[in-house]
Amino acid sequence: MDYEVVIGLEVHLHLKTKTKAFCGCSTEFGQEPNSQVCPVCLGFPGCLPVLNKVALDYAIKVALSLNCKVQEYTKFDRKNYFYPDLPKNYQISQYALPISRDGFLNIDLDDKTKRIGITRVHLEEDAGKLIHREDSSLVDFNRAGIPLLEIVSEPDINSPQEAYEYLTSLKSIIEYLDVSDCDMEKGSLRCDANISIRKKGARELGVKTELKNMNSFKAIKEGLSFEVERQTELLNKGKPIVQETRLWDVRELKTVSMRTKEEAQDYHYFPEPDLTAFIINEAQIEEIKKTIPELPQGKMLRFIKDYGLSKYDTKILVFAKNNADYAEDCIKMYPNKDKKPIVNWLIGPLLSEANNRNCSISELKIPGGKQELLKLVESTQAGKISHLMAKSVLNESIDSGRPCLTIIQDKNLFQISDSGSLDNIVEEVIKENAKSAADYKQGKSNALMFMVGRVMCKTSGRANPKMVQEILKRRLTDA
Amino acid sequence: MKEEPYKLTAHELIERIDKKETNSEEIIGSLKKRIKDVESKVRAYVRLSNSHFSNLTHNSQHLKPDTQHLRPILRGIPVSIKDNICTQGYNTECCSKILDGFKPPYDATVIRKLKQAGATILAAKTNMDEFAFGSSTENSCYGPTHNPWDLDAVVGGSSGGSAAAVASDEAILTLGSDTGGSIRQPASFCGVVGLKPTYGRVSRYGLIAFASSLDQIGPITKDVRDSAILMNVISGYDSFDSTSINVDVPDYTKSLGMDIKGIKIAIPNEYFIEGLDKDVKTIVEEAINKLKSLGANYKSVSLPHTQYAIPVYYIIATAEASSNLARFDGVQYGFRAEHRTPNTEHRLIDMYNQTRGEGFGQEAKRRIILGTFVLSHGYYDAYYLRALKVRTLIKQDFDKVFTEFDCVVTPTSPTAAFKIGEKIKDPLRMYLSDIYTISVNLAGIPAISIPCGFTKKGLPVGLQILVKPFNEELLFKVAYTYEQNTTWHSMKPKL
Chain A
1 MDYEVVIGLE VHLHLKTKTK AFCGCSTEFG QEPNSQVCPV CLGFPGCLPV LNKVALDYAI
61 KVALSLNCKV QEYTKFDRKN YFYPDLPKNY QISQYALPIS RDGFLNIDLD DKTKRIGITR
121 VHLEEDAGKL IHREDSSLVD FNRAGIPLLE IVSEPDINSP QEAYEYLTSL KSIIEYLDVS
181 DCDMEKGSLR CDANISIRKK GARELGVKTE LKNMNSFKAI KEGLSFEVER QTELLNKGKP
241 IVQETRLWDV RELKTVSMRT KEEAQDYHYF PEPDLTAFII NEAQIEEIKK TIPELPQGKM
301 LRFIKDYGLS KYDTKILVFA KNNADYAEDC IKMYPNKDKK PIVNWLIGPL LSEANNRNCS
361 ISELKIPGGK QELLKLVEST QAGKISHLMA KSVLNESIDS GRPCLTIIQD KNLFQISDSG
421 SLDNIVEEVI KENAKSAADY KQGKSNALMF MVGRVMCKTS GRANPKMVQE ILKRRLTDA
Chain B
480 MKEEPYKLTA HELIERIDKK ETNSEEIIGS LKKRIKDVES KVRAYVRLSN SHFSNLTHNS
540 QHLKPDTQHL RPILRGIPVS IKDNICTQGY NTECCSKILD GFKPPYDATV IRKLKQAGAT
600 ILAAKTNMDE FAFGSSTENS CYGPTHNPWD LDAVVGGSSG GSAAAVASDE AILTLGSDTG
660 GSIRQPASFC GVVGLKPTYG RVSRYGLIAF ASSLDQIGPI TKDVRDSAIL MNVISGYDSF
720 DSTSINVDVP DYTKSLGMDI KGIKIAIPNE YFIEGLDKDV KTIVEEAINK LKSLGANYKS
780 VSLPHTQYAI PVYYIIATAE ASSNLARFDG VQYGFRAEHR TPNTEHRLID MYNQTRGEGF
840 GQEAKRRIIL GTFVLSHGYY DAYYLRALKV RTLIKQDFDK VFTEFDCVVT PTSPTAAFKI
900 GEKIKDPLRM YLSDIYTISV NLAGIPAISI PCGFTKKGLP VGLQILVKPF NEELLFKVAY
960 TYEQNTTWHS MKPKL
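Chains as they are written, first to last, in my numbering: chain A, 1 to 479; chain B, 480 to 974.
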């Protein structure tokens, strides 16, 4: 039975405003519990919300970047339900007239681009955080009132991999806009999914389950994959799928039913009477448009066109804006028309150094900056130093604070490519390793690599390995 | 000074303070003595225990005698506050068990303004219907306030305590709140002046909300001049209240002139129908004729959607209230029911149910249930949404009238004060007593109630004047002119 998977994703982002959505409390993460609160975000009697203009601006910025239609007239609604982390027992959110709707996001799939529709982007406030003990629960209201952006996708996603691509693309865009930290570990990005399957070609959607508690992009992919299998198995056996909320269990690697007794909860949405409606005019939209930088997709197309890069390489480079900017500077500075060498360095050794040091490429403190990096790359291209050696020089340079070329000079790491000197060393090694030489002549090719290794050892890694191999082969077959 | 300070109005006291004939300390002392004398009969204040008595005032606000005649408008004069307006560090409980012990950590904006103007804020609050749900102050968890004009009669509600305190001279100036008539109706029952400002004129920050789109804080005072003085202090845009409006505050005392020649008054037909007490009708008609003799002209008009005002109000107000009162759950402040059920799975729900079940009074529960119902899935369109639309029609009735007329004049209430216990068992009958005041809140316009006579039984009758938004100046002018050409405002009950 051929099934089609239908997924919709609901992402919640913490906006990086200095203060909360409806009051002046700080939004700084990781502070003492209940130290960033005031009567307004605690929902004290008599208190009233006042909208944070920057939160609205950020919301519009995201909406525009996701190709949404920004509404001229938008208002807030109350979503009413009881829970201890919700101080007023209602959340100020948007229901009927959200800030924006009907947008899209393009994702790259191997050979094509797919458009995922975005139903709506709206603004709301976050609830506090509950910590459950054995006999009681504690509430920290620092998080209550922090502005959240809710981004709802159309059910256009058809596989866990596509979901993953959607989220990485979305995260990349948001990061470019600098309106959220998008950090799932810190809780500034949360994602719930709705998933159903149906027979291929069927028009009606299958019964959907809501998936929660996935705390990383990897978990989302795994959770969705598990659900696809679970639902497929049920349908194949002729069993029905229950519409329910399931939680991803990261230890057991499976989804578990939440076992809630009520059906769809009635939130009694009605217009928030403590806030007026807000008019968003053309002028305001134009102002905000000016603050939107070149976005990842646009940058990617431009890199491919202007610098002749491959799609694969570009995708890695443009993911994070500061890396993309750094990379573009390097690419422009690199004198040759073929940019492959510098690009390889960027997505290879530099990215790995950055990952090891838990920072971005642009944050690597390379002594001498980009110029020094380019000199290093040129040196490897000219054969003056081996690629392997250059990588370790880079590492040492960042650690010690000394420029790469200085290290190479001081330690005399220049590659030995002069056949005369190499010849002598090769001869030495053959003499010292008669057995290996004999093994090679008898057909054991490993022996060759062993002797290359001996040469490298004798030269402290400076010999040009390719040349050494050639010389060894020549000598061993000649003799 | 020959008169007892407690008998005077604020403007009279200001005059005497400036002449150094009295000072705020003496005034407060005089007020305390008066409260001691008559409070047991009237019960205008709540939580006035012996200890509270000695601590009746905010000591920090006690202006020293020699500094009183300097700038602060109110010169240290005491102001009594309804129990739903937050005063920092002093209990504010909306006369409800569920807010037992609640001390706000902040001042309402109007309180801040009063303090800046040199007022002495009384720590003891005035009685009210619980959460402002009521028209008689019988829904207070402390029991009803008694009408100084007839101790067996109600004072009206929900700002009954404030109105009574003014009538019995247990207060010089007071603040109340008005959602459907809660300032004007008790003012009319007690023979005092009560004003509901234009929606957005006075900040709601710190007013414990009943219905957010209808509530306003306003003055209840002995005369129109005192009302203007208080309005000068409390009015104005507040950045903490997104529904307050940025319109300049004029000096309302400058409107207290006496020329109403040519003022066009509209008398709505729909307010003079069956249900209006005969006595009240006669008295109000006499008052309208008085206005005519002072130079105004009047004509009958129609406010065709008047009949829908009460159902529209009770849908919108209860809907908003059901949401505004959701925060009273025992989690952070106020009353929390003692944990009884051992069942761990339902402990949270049980706490909510028990706390709210025990903490709220009958009328509060009734309104929360009604409000939740009209917002519920499947009923929202038929009730709430429709009510919002009809509300616009009601407002448009007034907009139309105000294109041709300067003000509308009506009785404040269809009856004078009824007996305590008379209507409490019949909520619908109680709701109908708001019939003349409710449309005003729905339309967001300002209105004042001033005393205009007494029934044969000696109970006060109120005259209500309505004007278009932000036209309080005209309101004051008409009210002041009527008042100064009559003697109702100088009559006091025998206590």
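Accuracy of the hints is not assured; some may be wrong.
Taking beta-carbon pairs under 8 Å as the criterion, some of the chain A residues facing chain B (in silico) [to be verified]:
no., residue
1, Leu42
2, Pro84
3, Leu275
4, Ala277
To be clear about the criterion: a stretch of chain B counts as covered by chain A if any three or more of its residues have a C-beta under 8 Å from a C-beta of chain A, and this derived list gives those stretches [what the hints assert, rightly or not]:
no., region
5, 653–662
6, 678–687
7, 834–847
Footprint (simulated), chain A over chain B, 3 or more residues, beta carbon under 8 Å [as the list claims (entries may be wrong)]:
no., region
8, 790–802
9, 946–959
Hints were generated in silico from the structure; no laboratory data involved. Glycine included, C-beta positions come from ideal geometry on N, C-alpha and C.
**Unsatisfied constraints (hint numbers, rising)** = 4, 5, 7, 9
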